[in-house]
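Enquirer: Modelling step: build the complete structure from the supplied sequences, incorporating the hints.
Listed below are the residues making up each chain.
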Amino acid sequence: MRLEFTPKEEAFRQEVRQFVKDELDSAIKAKVERGLRLEKADYVAWYTKLFDKGWITPGWPEEEGGPGWTPIQKYLFDEETLLGGAPRIIASGINMLGPVLIAFGTPKQKDQYLPAIRRSESWWAQGFSEPGAGSDLASMRTTAVRDGDHYIVNGHKVWTSYAHFCDKLFCLVKTDKDAKPQEGISFLLMDLDTPGIEVRPIKLYEGGNDLNEVYLDNVRVPVENLIGEENKGWTYAKYLLGHERTGIAGIGASKQQLLRVKRLIKEQGMAGDSHFQRRVTELEIELIALEATGLRILGANQTFNAQGAEASMLKVRGTELRQDIFELLYEVAGPAVIPFSEEAMRLEGVDPLIGDDERSSLAANFLDSRKLSIYGGTNEVQRNVTSKMLLQG
Amino acid sequence: MRLEFTPKEEAFRQEVRQFVKDELDSAIKAKVERGLRLEKADYVAWYTKLFDKGWITPGWPEEEGGPGWTPIQKYLFDEETLLGGAPRIIASGINMLGPVLIAFGTPKQKDQYLPAIRRSESWWAQGFSEPGAGSDLASMRTTAVRDGDHYIVNGHKVWTSYAHFCDKLFCLVKTDKDAKPQEGISFLLMDLDTPGIEVRPIKLYEGGNDLNEVYLDNVRVPVENLIGEENKGWTYAKYLLGHERTGIAGIGASKQQLLRVKRLIKEQGMAGDSHFQRRVTELEIELIALEATGLRILGANQTFNAQGAEASMLKVRGTELRQDIFELLYEVAGPAVIPFSEEAMRLEGVDPLIGDDERSSLAANFLDSRKLSIYGGTNEVQRNVTSKMLLQG
Amino acid sequence: MDFSISEEQLQLRDAVKRFCDGEYPPEMRGQQVSADMRRERWGMMAELGLIGLAVSETCGGSDLGMVEQMGVLEELGRCLSPEPYLSTAVISGSLINALGTSEQQQRWLAPIAMGQLRVAFALDEPRERYAYQASLMECRLTLEGEDYRLSGEKSLVLDGADADAYVVAAQHDGALQLLVVPADAVGLTRTTGSTLDSREIATLCFADVLISSGQVLAEGERAECALQAVLDRTSAALCAESVGAMTELVEQTREFLKVRKQFGAVLGKFQVLQHRFVDMVIALEQSRSMAAVAAMAVDEADAEKSRKLVSAARVSVARAARLISKEAVQMHGAMGMTDECQVGHYVKRLMVAERLFGDISHQLQNFAKSTATAA
Amino acid sequence: MDFSISEEQLQLRDAVKRFCDGEYPPEMRGQQVSADMRRERWGMMAELGLIGLAVSETCGGSDLGMVEQMGVLEELGRCLSPEPYLSTAVISGSLINALGTSEQQQRWLAPIAMGQLRVAFALDEPRERYAYQASLMECRLTLEGEDYRLSGEKSLVLDGADADAYVVAAQHDGALQLLVVPADAVGLTRTTGSTLDSREIATLCFADVLISSGQVLAEGERAECALQAVLDRTSAALCAESVGAMTELVEQTREFLKVRKQFGAVLGKFQVLQHRFVDMVIALEQSRSMAAVAAMAVDEADAEKSRKLVSAARVSVARAARLISKEAVQMHGAMGMTDECQVGHYVKRLMVAERLFGDISHQLQNFAKSTATAA
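Going down the list, the sequences are from chains A, B, C and D.
For the first sequence, this note's numbering puts the final residue at 397, and the numbers step up evenly by one.
For the second sequence, this note's numbering puts the final residue at 397, and the numbers step up evenly by one.
For the third sequence, this note's numbering puts the final residue at 424, and the numbers step up evenly by one.
For the fourth sequence, this note's numbering puts the final residue at 424, and the numbers step up evenly by one.
These aren't lab readings, by the way, just hints derived from the structure by calculation.
For glycine and all other residues, C-beta sits at the position ideal for the given N, C-alpha and C.
Treat the hints loosely; a few may be bogus.
Unchecked claim - Okay, the calculated bits of chain C under chain A, using three or more residues with CB under 8 Å as the criterion:
1. 180-187
2. 272-284
To be verified - Heads up, incomplete: computed chain A residues facing chain D, CB under 10 Å, no partners named:
3. I206
4. E290
5. R300
6. E314
What the hints assert, rightly or not - Pairwise CB distance ranges, derived in the manner of DEER restraints:
7. K66/D - E19/A: 34 to 44 Å
8. Q396/A - A183/B: 31 to 41 Å
9. S200/C - D29/A: 37 to 47 Å
10. K354/C - R198/D: 53 to 63 Å
Expert: Structure follows, in C-alpha cells:
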C-alpha cells in the first residue's frame, strides 16, 4: 500500500498538466469552466492537439494507436485534462466503436475506419436506443433484412448523441425477428448520407440539442458493414457498454465542478455562509471516498465485495455525487437562475440581464445533470444488475 | 378555511393543559421528558387520573364511556398531554381491543371486559405476530382446534408489547388450516394465567424489555371467548389495525422531542452551532407541514390525492420525521452517548459516569426509535399498500 | 385550524378550472403564444373577476382574500399560465389597494381590476441577493422641489417586459419608498429578456426619472410594513402556483407509470418506483396543506406569525418541488428531458417559483428570525 | 495511490483471522466474558505479536505501521473483540514508542508488547466536548520540587476500568504534558462503568497525585505534535475497526435477505430492498477504501495531509456506518432490535466508534481546517 503516486506517475501528471496549459485554447477553456455549450469545432480543435501528441485514444491498444498507458496513467490523464478545463472526449468513435472494431472488426474494417476516427475526420453516432425502449435495449424493433449484398434497414433510433456532428452511424438492428430478445440482433455500420436516413435534432428542456432521432427508411447497407457475425450483435454491444462505463465515475469532472462551487461562493461574497461551506466539505469528502474506491478497483488485488459489479457501483455513486455537486452549484446561484439566455450559454454575446458571469448556466447545468442517472443504463437498472450479483452469489 | 382553532377548541386545549399541569406526577413527567423508562405503576397512576376525569378512552363512543369529543378535540388532547410530559396511552385494551369489543363483541363480552379496561384494572396483551412472519400477519401458524366448549390453542406469538404488565391476551389463531391466508383466522380472548401459557420477555438491544414472546401449549380457551364469528378474525384484526394507525403520525410526541432538542442545545452551550440550528429549523418546518396535513385530513371535505391511503401516509411520514428528530437528539449528545447505564435509564440512581443529566438516554432513544418504521406494519408495507391505491385507481 | 372550503370558494375554483381548461389546452402549455392572445386571455380573466378578486369593491373588485386567490393561482400554475397574474393582481394590485389614496386607487387600481393596466413589481437589484432593506438599495430618490428624482437599476422584474407601469421600491435617505412609475416615464429604459421558463422579465434603468408626490404610495415604516406584507402574500401565491404545477407533474408521472412498459412490465409494477411515487404524493399533499396554511396566515395572522408560517410553507413547497421534479424527470427517462415533453416546462416553472423573492436559505432565515421574535 | 497488499500483510491478516475465528465464535460476540478469559486472549494476541506490531524491535515489537495494524483492527471489529487493543496497542503503545526515553520504553513498552501491561488513554474531560487543547484542560499539574502534583478529572477512559496504567494528558501553565500514571497511584480513584456496547470505561479522579519527572513522556510542542499524531492514528484505527463491524453487518443482512421469507417470497426478491442493499455495499466499499487511505496517511503523510485524509475517512465511515446500521435493523425487522440478534451489538459498536475522539461535526471541522492550512 502506498498513499502517493510513484515519481514516474507524478511526472506524467505534470506532463499532462503542462500540455493542457500550453495547448488548450483559452476560449474553449472558458466555455468548459463556465458550463457553457461547445461547438463541434471546439472539440475538433482540442482532439487534433491530442492526436498530434499521440494521446487521443488512451483506451486503445498500443498497436492500434493507443499510448500504451497503465490504468493509473489513464486515470491521471482524465483527471488532469478535465481539471485543466479541456473538453471531455465525447466522440463515440473513440470511446465506443473503436474498441469494438479493434476486438471484432475485420482487418479491412479496421484500416478503413480507425485512422479517420483518431484524426477526428470521421465522427460516429450511436444508434442503440429506440422509442419506448429506453434502457431496455433488447426490446428494439429496427430491422435489417438481407437483400443480396445488402441489408435493408427500417426503423427509428432515438437519444443519438451528437448525431448532428457525425458522418457515420453504428447501429443495432434485428436480423432475426423470431429470436428471443437479446438474440437475433446484429451490429451494423453505415454512412449517415446513405439515402433513407434522416437525422432530426431533439430539443432538450435546458435548451441544448446534443441528442437526435435517426429515422431509417429502406436504407441499403452493404453486407461488408456488418461487425462480426450476424445475430451476435448483443455480444458486441455488451462489450461496448462495458467500455462506456469505465471512467463514468467522473472523478475529474466532479473535481472541476467542486472548484467551480468554491470559486462562485467566493465571487458572490458567500464565504461566510456556514451551510454552503459544510455542504462543500461534505461533497469533497464524498469525492475523496469515491476516488479512493476507483483507484482501489484499478489496483485489483484487493478483495472487492462486489466483483463484477464495480463498474455499476462506480457509475451509480459517481453520477449521484456529480448530481449533488450540480445541485449545490444551482443553490449557490440564488436568484441568478431566474433569467435565462441561450446566447449567453453559447458565449456568443453577453446577455445584459445576466451580466458577464456564468450564473445563468447553472440552472441549465443542473437540468442537464439529471441525465447522468438516466443514460448509459439508468441507475435503477445498474442497481438491479448489481443486486443480482450481490444476492445470488 | 380558518387558521385558528375556535375559541371553544382553544378553551378545551387550556383545560387539558391545566389538567396535566395539576395532575401529572412530577417524577413521571421527568422520566417522560428525559426519555427514561416507565414502570407499569407510572402508567396506571396517570391512567387512573384520566379515568377519574372521564378522559381515558377518547377513541370510544360516548355510550361506552368515551368523552364524546370531536376529532379536533382528540387531536388537541393528544398534543397537550404529550407536550405536557404525560405518558402515552400504551394499553392495548384501550387502543385496540376496546374498539373491537365495542364493534363486534357480545353484550356479555362488553360488560365483562370494558369497565375493567377503562379502570386500568385489566391490561390486555396483543398476540398477532409470529416468528418468521413479521408484517405478514396472514401467514400465521398458531392453531385453535375445537374441543367441546373449548378451543385448544397451540402456537407461539412474538413482539407482544408489555405482556409482562398484562393479565389478559387477545390473539389471532388459525381455526381452518385448509383456508387461504387471511381466511380461516379467528379472534380469541384468554386469561394469561390459563395453564399452558408462558410469557417470556425479549431483551432489546437498547436494554429495554417492553416486548415479549408468548408460548401457547395446549391452552384451553372457552368458546365464549371468541369475538364475532369463527374464521372471520381477519376482518376484526383489520378494523383494529385501522384504529391503531390513527394518531400514529405522532405530532405531539414530535413536538415534545423538538422541545427537548432545543433545551439540550442550550444546556450544552451549542446555541451558536449553525448546523444544528438549521437542522432544528428544517425539522420544525417539516413538523408544521405534517401537522397541517393531519388536520386537513381531519377536515375531510378537501380533496385528498390519496383517499384511503391517508393513514398509511401519515404513518410513513410521521414515523420517519420522528426518527429524524431522535437522530438529531443523538447527534446533539456528542460523546455523552459513549457510556450507558441501565440504572440511569430507570432513574433508579444517578450513574456517576454520566452525571445527572439525561444524555445517556439519547443513544437508547435513538436505537428505540428504529422500531417506528417497523411496527404497526413496516413502512415498506405501508408504501406498498399506498402505491397500490395510487397506481391502480 | 380548519381546511374546509366554502361553497362560494368551490364555485370560484370550478369557474377558474373551466377557464383554464379552455384557454390553456395541454398541447399549448409551455409554448410561446402571441401578445394578442395573451391580451385576450387577460381580458377574459378580468371579466371573470379574477384580477380584481382582492381589490376593494369601490374599485370594481370583490374584496376577497388570499384564500380565494390561492384557488386561482393553483389553476394558473397547473396550466403554466404565462399571464402576469402574480405581478399585477397579487403584488401591485394589493399594494395599491392597501396603500393608495382614493385618487391613486381610481387612477391605477380600477384599470388593473378591469384588465386594462398591467403593473409589474420592481424590487430586486443586481448587486445584492434578496436584500430587501431600504438601506441596501441602490435605487435612490433625491428631492427636487416638491418632487423627486429616481436613479438606479432594478433587476428580475417579472412580467416587466411589457408592463404598463411598475411599483418600484427605492430608498430616500435610508427610508423605504414605494412608488408607481409608468413604463413610458422619461429616463426609464428597460432591457427585456426571458426567464428560465420562457416568461418575460426585464431590467429597469432609472436615470433621473421625475417622480411627483402623487406617485408615492407610502414611505418609511408604513412602506416597510406593506413590503413585508406583500412579500408574504407573494410567497403564499408562489406556493399555490407551485402546488398547481406539482399536481400536474404527479398526475403525468402517474399516467406514465401506468402505461409505459420496460422489460416486459409497466413501470408502475416496479417496487422502487412505487415507493418513490408514494413519496412524491406525500410531498405534494404536504405542499397543498402548507399552501393553504400560508394563504390563511396572510388573511388572518399578525405579521410575525404570518411571516413564520409563510416562510415554512415556502421551504416545504420548495423541497417538495425539488423532489417531485427530479423524480418526474427520472421516471420519464430521457423523454422527460426533452422540450417536447411537458415535464420539463413544469420543472422550470417550479425552479423559477423557488427563486423568486427568496430561496430556501433565505426562507429558513426568515423562519428562524420570526420564531425568535415570536418566542 | 496503490492499494495492493503485500504477501506479508496478507499472511498477517490470515493469521489474525484464524485467531479471531477461533477465539470469538459468533455465538459469543457481544456477550460478556470473564476477566480470566479476556486475560488469556490478550496473552495469545501478544504471542502472535499483534500487540507489539508497531512497537520498536528493541522493545520486542515488529516496528510495522498503521497499514499492518489496520488488518488486525478490522478483524477485531468483525468479531466485536472487547480487548483493549485500541487503547493499549494503538494509542498508549505508540505514544510511549514515539516519545519515551529508552528507560521509559523498557519500563512500559516492553511489557505492553508482551501483553503484561494494559495502558489506557485518559484524554477527555467531563466539561468540554472534544476540546483537546491544553489550555482548556482542567487536569492540571503543579510543580512540587522536582516533581509535580496532578489534579483533575478525566472521563470516557475506554478500557479504563481494569487498566494497569494510564497515559494522561494534562496542562501545566497552558502547555500540554503527557504522563504515565500507574493505576495504583496514591490519590487516583476510578469510577467504572459500561459503554453503550458493553465494554469497560472509567472516570479517573486525580487528587494531588505525585508525578515524578520519569513519568513525563513529553511536554509543550513535542507533546502537542504527538497528541495530534496519535489522534490521527486512533481515528485510522477506529475506521478499520468499523469496517470490520460493517462487513459483518452487511454479510448478516445479505444472508437474511436470502433466506427470510415474507409474503411468499424471500426478502431479497423485493426490489426496494435490493436497491437499498446495493447502497449498503457501496457505502461499505467506500469505507474500506477510506480506512486504507487513513492508514496510509498515518504511515506516510505530513501532519496536515494526514489530518485531512483521516478526518475525511472518519466522516465517510461514520456516514456509512449510520446507513448500514439503520438498514440492517430495518431489514431484520423487530428481530434486529433484540439483544439476542447480533445486529444490535454491531450497531452499538459502530455508534461508540463514531463518537470516540471526535464526532462527525468535529471531523468536518478538522477537515475544513486542515484544507485551509494546506491550501
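Enquirer: CB of S200/C to CB of D29/A, is that within 37 to 47 Å?
Expert: Since the Cβ atoms of S200/C and D29/A sit about 42 Å apart, the hinted range of 37 to 47 Å holds.
Enquirer: Under a C-beta cut-off of less than 8 Å, do 3 or more residues of the segment 272-284 of chain C approach chain A closely enough to confirm the stated coverage?
Expert: Violated - the segment 272-284 of chain C has 0 residues with a Cβ nearer than 8 Å to chain A, which falls short of three.
Enquirer: Taking a Cβ-Cβ distance under 8 Å as contact, does the segment 180-187 of chain C have three or more residues in contact with chain A?
Expert: Violated: only 0 residues of the segment 180-187 of chain C have a Cβ under 8 Å from chain A.
Enquirer: Against the range 53 to 63 Å, how does the distance between the Cβ atoms of K354/C and R198/D compare: consistent or not?
Expert: Holds: the Cβ-Cβ distance is about 60 Å, inside 53 to 63 Å.
Enquirer: Does the CB of E290/A sit less than 10 Å away from some CB of chain D?
Expert: Hint holds; E290/A Cβ to chain D Cβ min 7 Å, cut 10 Å.
Enquirer: Would the hint on R300/A stand, with a C-beta cut-off of 10 Å toward chain D?
Expert: Because about 4 Å separates R300/A from the closest Cβ in chain D, which is inside the 10 Å limit, the hint holds.
Enquirer: Under 10 Å, Cβ to Cβ, is where I206/A needs to be relative to chain D, so tell me if that hint holds or is violated.
Expert: violated, 29 Å
Enquirer: For the restraint on E314/A, tell me whether the closest CB of chain D is nearer than 10 Å.
Expert: holds, 9 Å
Enquirer: Just to be sure I understand the hint, the distance between the Cβ atoms of K66/D and E19/A should be within 34 to 44 Å; is that true here?
Expert: Distance hint for K66/D, E19/A holds at roughly 43 Å.
Enquirer: Honestly, do Q396/A and A183/B meet the 31 to 41 Å range at C-beta?
Expert: holds, 34 Å
Of the numbered hints listed earlier, those contradicted by the structure are 1, 2 and 3.
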